[in-house]
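**Q** Given next are the chains, with one letter for each unit.
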Amino acid sequence: MLILLLLATGFAVGQGLFLGLPDPTPKSDGWGLTLEAAQAISPVLWVDARAERMYEEEHLEGALHMSHDDFDNGLARLLENWDPEMSIIVYCDGEACESSQALAAELREVLAEERVYWLIGGWEKLKGASN
Amino acid sequence: MKTWIRWLLIILAGGFFLLAGLGKLAEPDAFAQSILRYRIVGVHWAALAALWLPWSEVIWALGLVMPRLRLAATWLLFGLLCFFQVALFSALVRGLDIKCGCLGTIGESGVSMALLRNLGLMAALAVIAWLEKRSK
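Taken in sequence, the protein lines are chains A and B. For this note's numbering, count along the first sequence from 1 and bump the result up by 474. Counting along the second sequence from 1, when you hit position 27 you're at 7 in this note's numbering, and nothing is skipped either side.
I should point out that these hints are in silico values taken from the structure, not numbers from a laboratory. The model shown is predicted, which means the values in this text are computed figures rather than measured ones. Wrong hints could be hidden among the right ones.
To be verified - Calculated pairs, EDC-like style, for lysine to aspartate or glutamate (alpha carbon to alpha carbon, straight line, at most 16 Å):
#	chain 1	residue 1	chain 2	residue 2
1	A	LYS501	B	GLU7
2	A	LYS601	A	GLU531
3	A	LYS501	B	GLU88
What the hints assert, rightly or not - DEER-style ranges, computed between Cβ atoms:
#	chain 1	residue 1	chain 2	residue 2	range
4	B	LEU(-12)	A	GLU587	18 to 28 Å
5	B	SER115	A	HIS542	20 to 30 Å
6	B	GLY100	A	PRO558	28 to 38 Å
7	B	ASP9	A	THR483	19 to 29 Å
8	B	GLY100	A	GLY504	54 to 64 Å
9	B	ARG114	A	LYS601	48 to 58 Å
Yeah, the Cβ is synthetic: ideal placement off N, Cα and C, and Gly gets one too.
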């Protein structure tokens, strides 16, 4: 058993030494905003891209829920609440989630609107700022 | 008959872990992101786990085909699956909207599906261990 553990650890250490540690932070597409930059934008429509259950538990005041799986219904809700003067900022769980980035890209395309961003750090940042 | 069953289970379980490990090794950054989405560990530990877990799967899967290492590899993989089940179950309970990340670049499955699949793999490994002990 020790041999197997040592072999796995040895190869992992070797990979780490030669190729470096993996980077878990999602690659940004250039449309991500820090919380400070997001708060400086007005008027803004916030979109919550987390799981619906989490949205129902707690969300940013005024934020709409949207998901990739139920995009059409979410888009209909968004169009009811969105004024073309408003920028749109999408957030998801936190540092590691990618749904906000994907949803923002989809909205930019569908709405033919440039000012659709995603929040770096997501809900964790928003929650941290409100505490 | 028992030898035939044992080898079938070894090929199924070993093949799964080998493919899963290689799939993760192909995209270490993506696997590290998958670990981080479980929100169990921070960035640093996710990176270290993304380095160690794929090699464990590959080496231990190869251990399954070596008679002298088979029993140890079986229990190590069983332990790894127990750990994965806890992580998957906690994600399910917390309502995290994530994919399993179990197969790296090979494919993707939901958390519930991964929990069921892992139960099947645990059963296969338990039978391999039982047959291995009986044959000694």
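**Q** The structure should be examined with respect to each hint, and the outcome stated for every one.
**A** Here's how the hints hold up against the structure:
no. : hint                              : result
1   : A/LYS501 / B/GLU7                 : holds (13 Å)
2   : A/LYS601 / A/GLU531               : holds (13 Å)
3   : A/LYS501 / B/GLU88                : violated (20 Å)
4   : B/LEU(-12) / A/GLU587: 18 to 28 Å : violated (56 Å)
5   : B/SER115 / A/HIS542: 20 to 30 Å   : violated (50 Å)
6   : B/GLY100 / A/PRO558: 28 to 38 Å   : violated (52 Å)
7   : B/ASP9 / A/THR483: 19 to 29 Å     : holds (21 Å)
8   : B/GLY100 / A/GLY504: 54 to 64 Å   : violated (43 Å)
9   : B/ARG114 / A/LYS601: 48 to 58 Å   : holds (55 Å)
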